[in-house]
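Reconstruct the complex from the two isolated chains, following the hints.
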Amino acid sequence: MSGPERIARHPVLGEVGGAGAPVAFSFDGRALSGRAGEPVGVALLAAGIRALRRSRGGEPRGIHCAIGQCMECRVEIDGLGVRRACLTPLRDGMVVRTHRDPGAADG
Amino acid sequence: MASALAVDVAVLGGGPAGLAAAAAAAAHGCAVALFDEGPAPGGRLVGQLHRARDGRWRVGRDEAERLRDRAAGAGATLVTGVSAWALAPGWEVYLRGDGDAPRRCRARALVVATGAGELAAPLPGWTLPGAITPGAAQVLVNVHGLLPGRRALIAGADPLGLEAAQLLEVVGAAVLGIHPVAGPDGAAEPPADALRRLVATVGRAAPSPLLRAGGRLVRRRAVARAAVPLLPRTVAGVPLRLREAVVALRGDGRVEEAELAAVGADGRLGARRRTVAADLVCVGGGLRPLVELLAGCGCELVELPGLGGTVPLHGPDQQTTAPGAFVAGGVTGVEGAAVCAAQGTVAGLAAALAAGAPQAARRELAAARAEVARQRATAPVRFHPGLERARARQRTLWEARCAS
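Top line first, the protein sequences correspond to chains A and B. When we follow this note's numbering, the leftmost residue of the first sequence carries the number 1, and every step to the right adds one. When we follow this note's numbering, the leftmost residue of the second sequence carries the number 108, and every step to the right adds one.
One chain only, chain B, in its complex shape (with noise of 0.2 angstroms):
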């Protein structure tokens, strides 16, 4: 391959939203080259794992074969094991891999489609080996078949920690409990608000029936603090313990133990410790929004909490605030494959149509927005409470800057 590549389309990032993004452009006559760090394109997709309230298993992996198919059936060139650094307006991609790979591609029209990195939490011993990501968990065992430990304890109850549980679980890893995880303050959250966020996050894909049931009751603070008591023991199998905190991890080299604390109703630690060996903990912060290849290009950023961090300011066609630049999937704010992949198609036409692709691409757009919508208001996880809050917000402020 040229150390140099000239493209209409550039995708960075080979998850469902870029690999969406690179059909659609490749299916209007774009040469499109999408740029992936992974060994294989799918991004996160290709680990993940779950069993759906129909108790059939979704299995990640085909659908990352089948975006991937129709990627490369649309005529998408897909690169991987190679990693973008940085972006010059115009736009120029500067890109780092083995041997012949591209050092450089120009591209009329940018897809930024980097996904969502996890976030550590800061407990001590978090960077003990043996303590990995619940997104590693997945990698290891999902994709390389690799089961990293056998007694295993999740740190972090959210989406991630529930899904690790379970996969892990499957390949018959003895899994000790799903637990919160104390802040630097000596608190954890209290059980009740912890309750109400994993209700509100994973309520409709909840493994358990009464995590699902009890969604509509304890969004009202009080109920959840009463039926805190009343909690499953376990979610598919794993013992849940929003009651007690992993403080802190120990072990000579690695990971071979987790000191534990309960928790009060306030998020309080009792004074009595317990230990429990363990030679895996999962350590989850949550996700936040990859956004480093943008600063500094001329994409305007904006925090927004509910979306998982900082994200680029965008607009209903996934532009930015650079010309030729769109965004799609996590990079945006923080949500599941489906919805990646419907805004990929999205970024993916607008980028077409900022190439010069014809104007047959316009008129799939509207239908490629409704998709959008859809799919967010079917999506089955949540990892932000504030999710719907925050996509008002974000469209507020970019009609704002429109406007002005």
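Next comes chain A alone, as it looks inside the complex (with noise of 0.2 angstroms):
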């Protein structure tokens, strides 16, 4: 099965998604690339990474909602903190890691 992927041109909509420049970012040390401004999580999940934290018993978690209401898609981004990555725009040489809670077991 083939992962998520990005919709060239959307058969009613046309233009989907932002048109932003293509930025390099990491993501636990991993070099990857976006679009500049487009949601953290959704460049995350072009690149085929859906587990974005780790739950307190060590379970994988990612985007659930999308619009930022049921918090599952925490990250850590330097500079910022931990964030939603469904809302957090992304920028040039962002640095992003798995989120994890405070005491959570490792998975």
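A couple of the hints might just be wrong.
Claimed, not checked - In silico contact screen, one side only, chain A against chain B (beta carbon under 7 angstroms); selected entries:
{"#": "1", "residue": "Arg-6"}
{"#": "2", "residue": "Ile-7"}
{"#": "3", "residue": "Val-12"}
{"#": "4", "residue": "Val-16"}
{"#": "5", "residue": "Gly-17"}
{"#": "6", "residue": "Val-42"}
{"#": "7", "residue": "Ala-46"}
{"#": "8", "residue": "Arg-50"}
{"#": "9", "residue": "Pro-60"}
{"#": "10", "residue": "Arg-61"}
{"#": "11", "residue": "Gly-62"}
{"#": "12", "residue": "Cys-65"}
{"#": "13", "residue": "Ala-66"}
{"#": "14", "residue": "Gln-69"}
Unchecked claim - These stretches of chain B come out as covered by chain A in the derived footprint (C-beta under 8 angstroms, 3 or more residues):
{"#": "15", "stretch": "234-243"}
{"#": "16", "stretch": "251-264"}
Just so you know, the hints here were simulated from the structure itself, not pulled from any lab data. As the structure is a computational prediction, the values presented were derived from the model and not from experiment. No residue lacks a Cβ here, since even glycine has one placed at the ideal position from N, Cα and C.
In structure tokens form, the structure reads like this:
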């Protein structure tokens, strides 16, 4: 099964998604690229990364509601702290890491 | 931007209700600031896409753009990427955003238009990455241009699930089926009840002529029971399977498969299980009004399941029990975008008057209220079957409180 993919052209809506310039960022040390201004979580999903944090019990969690309400997509971003990946715009050079709750089990 | 703002009317939430409220208040000379957490105004509207009965597509983002231009054109300041996290009567709004975003906003009047949030269905495995809400599918596909999976299953046979199926199908995902979700008690909604609920909610907008035509008939339970085997096998090309419930999601680090069980006429699950491979499951438990900001600042709340849960007690001008605080849209009960926008206009006019705008605004109120009723009467989708009764009950409770 192939992973998530960007929609080049939506059959009804035409252009969808931001037209931001390509930017480089990293997730847990892995070099990735995305589009400036799109949500960090969208750039990660486009790169095939679904698990963004670990629950207290060590389970993987990812984007669930995509509009900032469920808080399941929290990541750590250098200079910003813990942020919702579905709302935080991607910027060039961002250093992003899996979020782990204090005291969370390894997973 | 200064860290503290002072305006006549502060609007919380930039969906159709908030944008219409901001436009109405600004048009009457008020200084208006609207705050929204999202990257752009429009709320849920920006992701909405459905095929109307005439076969034409209804594109939410076009409507969102129109509402945004009207609000901005009237002079309202639209601030995105900022969260409102508390309110103090008087009114003071506490905000959080990046960089030089305002931290506080003082306002003479307030319109709370925070909308509705999705509920999770308590299904084993719903927390696995790849299990998203139907609303998330709207946003990822139609706003961000990202197809989150190729083989999708819809867990939750309700208006949002039907729309998610349609929008995923349009961009080429294989949508395996729309199924009900089994409850923690090991039973699902009896198929005849599920059919009656679907007809009561999406009947008028149903993409399937059979669901529409059957609407009148299946209101009676006995007829609905007889109709279940005759159900259309597909809705807009997607299999509709009210007689097979999703009981669990499984996978190693992400959703890889869903387990299904047959649902008997009484809702009980059969012993046999079937497993299907899927990399995307839309798990929907419905919508509920987002009232958190209103709790604890003098707005009385009341629980009415027909409106989706707990809502602020509110009057015909969208006023709450807290002086100067008005409400509009999904926070007052889950309804479609056109009803929300119509309510927003009423709230915006009333808030403008409370903030000291000239009496000209009062002359527009009656027509704005009539527009809410008109939009409600012609709404294509009802999210909860008991909506009309719940609205009437809400009115009675408001009147009783005013009389006491």
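Practice task
Tell me, in ascending order, the numbers of any earlier hints that this structure violates.
Solution key: Failing hints: none at all.
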